[in-house]
Structure formats: C-alpha cells, structure tokens
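**Q** Spelled out from the first residue to the last, the chains are:
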Amino acid sequence: MSNIPNSAEANDFKPCFRRRNYLIMAVSVCLITLGFILMTGPSCTMDHFTLDVFSHLRTVIASTCCFIGYLTMIVGMMI
Amino acid sequence: MNTKSFERLNDLMGWVTFAIAAWTYWMTVEPSISFWDCPEYVACAVKGEVGHPPGNTFFLLAGRFFANFACGDMTRVAIWINRMSALFSAGTILFLFWTITSLTSRIIIRKEHPTISLAQTITVLGSGLVGSLAYTWSDTFWFSAVEAEVYSFSSLMTALTFWLILKWERRADNPSADRYLILIAYVVGLSIGVHLLNLLCLPAIVLICYFRRSEHPGFLGIMLVLLASFLLIAAILYGFIPGMVWLAKHFELFFVNTLGFGYNSGTLACFVLVFFALIALLFLICRGIVFKGRSRLAYNVVFSLLMLLVGFSTFAQILIRSSAGLPMNENAPDNIFSLSRYLNREQYGSVPLLYGQTFASEVIRDASEGKGKELYAKVVKKDENEPDHYYVYDRASEYAYDYTMLFPRMFSNASQHVAGYKQWSGFTGQRVRVKTADGGTKTKRVPTLGENITFLLRYQLGHMYWRYFFWNFCGRQNDLRGNGEADCGNWITGIPLLDQYLVGSQDNLPRSISENKAYNVFYMLPLLLGLIGLVWQIRRGRAGRQGALVVGMLFFMTGIAIVLYLNQTPFQPRERDYAYAGSFYAFSIWIGMGVAGVSALVHRFLKPAGTSVVLASMSVLACLCVPLQMVGQTWDDHDRSERFTAHDFGQNYLMSLEPNAIIFTSGDNDTFPLWYAIEVEGFRTDVRVCNLEYLQTDWYIDQMKSPAYDSPGLPIPYSRAQYAGNNLLYLPTRDLHLPILTDNILPELSVTLKEKPYLMRNEIMQLSMIDSIARAGWNRPIYFAVSVGSDTYVGLDAYFRTVGLAYQVVPSANGGKEVIDVERTYDCLMNRFKWGNVARPGIYLDETSLNMCTYHRMAFAKVIDALMEQGDTERALQATWRCLEVLPSYNVPHDVSSVSLMRCLQQCGYTKQAEDIARDILTRTDEYLHWAFSLDTDRQRSCIYSIRRQLGTMQYALLGLDDNFGADLFNHYSPKFKQYYEQYSKLGRGQ
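Each protein sequence line maps, in turn, to chains A and B. If you want the working numbering, it's the 1-based position in the first sequence plus 1. If you want the working numbering, it's the 1-based position in the second sequence plus 24.
Worth flagging that the hints you see were computed from the coordinates, not collected in a lab. Only a predicted model underlies this, so the values are computations on that prediction, with no experimental measurement involved. Glycine included, C-beta positions come from ideal geometry on N, C-alpha and C. The reader is advised that the hints may include incorrect statements.
Calculated lysine to aspartate or glutamate pairs in the DMTMM-like style (CA-CA distance at most 25 Å, straight line) [what the hints assert, rightly or not]:
(1) Lys406(B) <-> Asp48(A)
(2) Lys729(B) <-> Asp48(A)
(3) Lys316(B) <-> Asp13(A)
Here are the computed distance ranges between Cβ atoms for each label pair [to be verified]:
(4) Gly42(A) <-> Asn26(B): 26 to 36 Å
(5) Thr41(A) <-> Tyr262(B): 47 to 57 Å
(6) Pro411(B) <-> Leu35(A): 21 to 31 Å
(7) Leu755(B) <-> Leu35(A): 29 to 39 Å
(8) Cys31(A) <-> Thr99(B): 28 to 38 Å
(9) Leu35(A) <-> Pro266(B): 54 to 64 Å
(10) Val28(A) <-> Val559(B): 42 to 52 Å
(11) Leu755(B) <-> Val28(A): 54 to 64 Å
(12) Arg482(B) <-> Cys31(A): 53 to 63 Å
(13) Ala27(A) <-> Thr709(B): 26 to 36 Å
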C-alpha cells in the first residue's frame, strides 16, 4: 500500500493518510496474515485425534499475532 | 477558565471515573467460569475452538490475548477473560463520561463566549461523573461486566464509535479528521466479529454527521437521513456481509469443483482479489484517474469499505480453526457454505418480522417444496485420495403457510409458546376459512392484529423491555426468572404505595423476596434524574433538541428496535436484559444531564443562597447521592468474587462418572461447564459429553464419532453417508418395541415407546449407541445428566440408576422405582465433589447457582434415605452432617430434600437439630403462603406453581413430625397448612 503517492500533482485532493500511515497499515495487514498462516496445520480426523491442533504456536502465538495486528491498524490510522 | 484547562480537567476526570469503574468490576469479577455461555466462550477463546453461531471471532482473539496473562496456569485463564470484560466495561464508562461532558458542554457553553466559568465546569464534569457512575453501578451493565460474555466488549465498541463521531464533529472542518470516519468503519467491521449490536448506533452517528454538515437541518432532512442510515445498516447486514459470502461461494465452486483445487482456495482467492481491487481503486483515486472532482468522498468511501473488509477478515479464524477438525466445532463452518449458514444463524430458524405466519398457521406442502436454491456440502469421500468436491445435498425449501398476516408477533407453533401467547394477549381470535392441502377448506381461529399488538405491548415491550429498564432505574424485586408471576423478577420502586399497585402487598414480605440480594430499590431517583436531563436538553434551543434526537435515536435503536427485531417468544429460558444495555447507556447520558437540569433549577429558585459556584457544587453533590445510593443496593448481588459454583458443579457432573463414560446433557448449564473442564483444565478427558440437542445434526454426529483427547469415538453404527445432509432425519414408528440383545449373562434390555409417531435423529443415535454398547457387553458406562428433561429419555428411564449428578443406564430394570448406587454416590458426596465456596458467609448465589445446589442436596437426600433403609445410620448421619456443612441453610435455604436430613437427625437422636430444620422449613413456607394468599386473586393465580411447591414442601415436613417429635410445631402449623390447602383448592377450582 505504501506506494500510493500522497502528492497532489494530478489532483488538488490530499488524502487524510500519509506515507507513515500506509506503512503501519501494511505492517498490520502482514501481522494479521502471518497470524492466520500460523493458525493452519494438520487437523484431527474421524479416526485420529492430534493435540497438534492445540499447539502453542497455533493457538497462543497465532491468535496474539492477529490481535496485535488488528490493533496496529488503529495505530496506523490515528498516528 | 480557558478551554485548554477545561479539556485537561475533563480528561483527568474521565480517567478517574474509569478507575472507579475498573476497581468496582475488578473487585467483583467471578474468579472462574460463570453459567450460561461463558464457559463455552472461555474454552473457544483459550483453545481457538468454534462456538455457537454467528461466531464472535474478534472477541475470541481478544480473549486469547488476555488469557496470556494467566502465564500458562489453565485454572486462571477464566478469571483473566472475566477481567478483560471488567476492563472493557470500564472503558465503556470512560467513553460515556466524555460523551456526556461533550454533549452537555456544547449546550452550556455558548458559541459567543468560548470561555467556561468555574460553575459551568463543575456542572459539566458533575454531569459526566453522575451519569457514568449511575451506569457503572446499574444492574444490567454490571452483570455483563464481571463474566466472560461478549456484551462488555460490544458495549465498548458502541461507546467508542459514538465518542469517535463526537470527536470528528469537533474537527470536521479539517480534512485530516476524515480518518475518524474511516476508523469508525473499521470498528464497525471488527465489531461484526464481536456482536452485531454495534451496527445499531449507526443512525445516531449519521444524524450527528447531518447536523454538522447541513446548514439548515429540517424535519424532511432528518427523515431522509434516518432513512439513509437504516439503508446503511441494511447495506452492511444484507449487502456487504452476504455479498462477500455470495461472491466467495461462486469463487469456491469454480476453484474446487471446476479447477480441482483444495477446499477454501476459492474463498481465499476471492478475499485477496477484493482486497487488492480496493487498493488499486484507491490508487486510481489518488492519481485523479477516476472520480476526479469527488476524490475526497470517493477516497473515504473506498477506504472505509477496505477497512470494513479488514475488520470482517477476523472470520478467517472460524474457517481455519474449524478446518482443524476440533472437538468443539459447532456447525463445522469449515467451508464458505457452512460458514454462510453459521453466519445466518440458520440453526435458530427464521423469525417473521413484517409479514408472515401466526401460531395457528400450517405449512402448505406443495410441489414447489425443495425446489429452491442449491445447498452445497463437502462430498463424503470413499477414500482419502479422492479430490475435494462439493455436491448439492438438498435444495432450500421456502415454506408457504395457509394463513399469513401483517406484523405477526405470535408466530411460533410450539405448544408452550402458544400457551404463553394466549395468556399474554388474551386470545379469542377470529375465524378464518383456509384452504387445505387436498383442495377443500376449513375454518380455524387465528390471532387478530389487535391481539398481536397486545402481545407486543404487554409481553415483548412491557415484560421483556420496560421491566428491565425499570430494574436499572427504579428497582428490582428479586433475581428469580419471571414469566409474569407476582413473586418473580418484577420491577419495583421501594415506594410502598406504588409497589402495592405494581406487585401487591409489601407488608410481611416472605424471605424469598426480602432477603434476596437482588432486592434493590432506588426510589425511582435515577429515572427522575434522567427525565429531568431529557427535558433540560430539549429546552436548550436547537443544539439541545438536536442532541436529544441523537441520544433518543441511540436509545430507540438499542432498545425498542431490538425488541421489534427479535420478536421474542414467551417463556425465555433466562432473563434477556443484557441485550438492551445499549439503551440503558443512552438513558444514562440523560441521567448525567439531569445534573445540569437540577443545577439550572437550583439557580433559578435558590439564587440568593450563594454564588453560582456554591449552587453548582451543591447540585452536583446532591445528584451524586443517586449513584451512591444505587451502589449501596447493587453491590451485594453483583459481587461474584469467591464464587466457584459453575466451575465446581461442572466438575461434579464429571466426577459422578466412571472412566471412559458418555454423558447425555441438554442445556447450557449442564454442557458448557463440562466442556470447559475437559477442554481448558484437562479434567476427565476420558469422558465424552454428548449434547442431545446438537445430536440432531450431522456435523455433531461426525464429531461424536471422532476420538477426542482420551475418549474414543462414540459407538454410532451408521456411516457418514447414512446420516449426512437430510438422511435419517427421523424414523416413523408407532408403539416401538426395541429389544436390545445382550450376551446370555446379562438380561435383555427392551425399550417401549407408546404412541410415539416417530423417532428423531438424535433419538435414533441414542438408541443405536445403547444397542452397540449392550452388544459389546456394556464396555462403556453411559449416563444422563440429572438436569436433562424427561422427554429425552427415549424409554431408557426404566433402566436408570442414580449416581451422583447422573443417571446411569444399566442392564437391569428398576421397575419404575428410583434406584441409587449408594456406594458411589456416597463417595462422590463425601470425598470427590467440590462445593464452589457455597458455605462462605455472605456469598452471592443467584437462581442458577441455587438450583444447582438443590440438585446436590437432592443427591444427599437420596443417599441418606437409602442408607437409613439399609440400617446404616452411622454413614447416613455422616452424610447429613456433610450436607449441612457444605450446603448450609443460611446460603441455601432448606427445601423439600432437607426433610430427609431432618428424619435422619431425629432417628439418630439429634432432636434439637432436627427440629431446627423442621422449624426453618415450616416458617419459610408459612411466610410465603401467608403473603401469597394476601394478594388479590389474579396475582395468587400467577404464583400457583410456587404455591403448589411450597404447599408440597410444608406437607412433606409436617408428615415427618409426630407426637414424640416436633409436636408443638405440628400443632402450630398443621391448621395453617389445612387453611392454605383450602385456599389453594379454591384457587384451582376458580380457574
């Protein structure tokens, strides 16, 4: 997102967000995506139960990563 | 004082109120899980599992974040999620404070004089303080603030949104303030993943924008803007969310069925594509290539859409976690088709709003049935290497009804609901002629529009909304769930004359009312203050009227509009006040303004009494007494500290069971605490909890057949293909006799169901499981929780044996008598069970906790009776002492089960203690009946179930007395009983 220019060459219009907003928002999207990727993995089936679905990485770290990502977006907007 | 220092004081005071609220909630938070949905939420948050529709993803992510503070101690995660609610609720209070001061100061401070005097400062900050503290200590909001429910978070989102728009309003002339609007879009997007309630504040927000932007706001403009705001809600609710889902469904079908990619590939592609398309559009707008001249508007709209999408993306969590095949995976929303049904809450059925069926309508079965749009599901694979594919398992049926009407409020045809409808609406109905399926006609009685309106006014609005409203601002009778009885959960004021009119005589109140901790009276003071605030606001010129309209809109949308939308049926399983906390929030804004109103009155009438600073301070101090009086009343019934009932009683169910057991449950409170114990604390992971209501669905049968933790899959003999989709939904039967053959050593077990026209899918599964277990030589113990309804027993109650808090199904008929496993139950009660701190003096036990205590005391009574019969008086006596110790009568009043304790004590020679129990039961029942029969006949009739129960208890206690024991008690209470019994019979005859 950071390549969206904030210049007014073509337009009088100045968006309310600037480069640093876009940067932080991009970080936020990355954190959220990373969190969701970490959440994936092998699954339980009708014949087989695996505790891996509750591994530290897939529950604690992944969820926390997403949550922080979502909060970062607010920072990205208000900074 | 200049505005800068006022702003600083305003910030400071806001945080002071936050601190007061946070301290209040932190001190009173429940130390572990609570009843109802909370244990489910805790388990879902902590382990990333999938709870009931429509999913609360962002809440779960936040809950997981707060659970981290437990530092890995799984017994502490629940309190941390409760504390999250506490902090979020305090955050709501913070924004409420600033909202009140913002709305009040704009009226008090004139544009011509941008400075603010000390007296004005005191009034404005006093308004904020009184209004926000009144809400802090109000009944409904406090209830949700100390447990792991979504309502605290949801109200934080609403308060934040409302505050943000006020923030925007102050800076709207600066283009960089647009970011507030975009942030609101993001918060709304996120809040879909908390609770949809948040959307309801949009009309108020749109009104604020309109008043800010329009030069001459007028009636027509207001109407148009309100219409637009409703369209906006509809656009998000029925456009954005289903639109995204619709698009994703088509992508998914194309990617999986046509291109042959794996499940969810299309959904992912769809969201990525939309995301980047919006970014590309933004880029074009910034470059001035599209929407030239309207760039700012276009940019804001597209960016808001993008943020709505990012906020909504929390639902990826559901898809991902559900695909992991978790043990708790409600509705298995692991693909976009089931997720769509999950988001639409299809398991709860649809409710007609403007036009539709009545309770007297019948479904017209015709040829168009099942010809609607295709319903897709994952194909049942024959082997693992078969490629992913969706197949059409059914087509939607849109049912037509033989009689429909405008604005149907009484639509459910469940027999209990129909009885409630008739009772509340005074149903007589009108005759209509309808067509029958075979082409003929018949007449039937259907409710009139007037009766529907009566039901709306008396039940849906009066009983299920205004009653709650008055609980918060006038007073509350007790915490017993009310269905219109004179003695349960009514609103009162504390002013004797008024209460006499509202609920009947307040003299000689029975202890079940007067000693109930939720007996709270505010003498209508908060209500009056709020009304003063409303009037004051309206009378303060245009700014005041506009503000009143905005707050009024918030009040309406989060209260009455929800009532209209929910279209609630009678006999709700619990009180629903939590759904309307938003409108009590709006009213608290007016309570705050009441301070300004009082201050204005004082200034007018008491001018000579002092300077305006003195007068303003006096008004604030006087008004501050209102919230302080409230907290004096409400603290004891919201203080859940030290209470472990849900936690311990959930575990007690599990402790009743032998290793490797299966237990059938049916309600929230005998299912969710057990799930929590197994999932979160890893307690008795060998047990399988099987909820009979879910067992009607194919996804739940899948999960029951799968192994989970140390519990092997349940022995259901059907294959997935046999029950998937609509297969095996029910089995027509009549007078079913099902012999279950076992080996020669054990007797045959047979189930006879007389007059039952069909077996539902869950009943087929239950019986087939019993059959499998019996064939395998009873290799797995199987139980029903004592709290499930007898309609779920499918004839197995003939083989029940009570063990602790469960009935075990055993291969020996009990001949219709109650059989108890004395040894195991005794062991459970004496050694295994935990008691949730019930014996702690002063602990608050609400109705649900007390009901659970009664189940436990009943188990004691059964064991004591059985031991006495065996002649084992020593152990019977020990059990009696144990019962009196862990379920003491000062917290759990004696009931009918206590008679067993009384008899045991008497026969073992403890006459005095036995007499104490007898006296306690008799005085309590006498008190209640004396009061109940002092009411007028209609009110007596409303309490008829309680009267019958109390009479039964009294009679049972009297039967335990004789000439040698409790003779004076008998002589004193026996005539009274006879008199009450006569009154009761007369009441019954009058009906």
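**Q** Of the hints given before, which are not true for this structure?
**A** 4, 5, 7, 9 and 13
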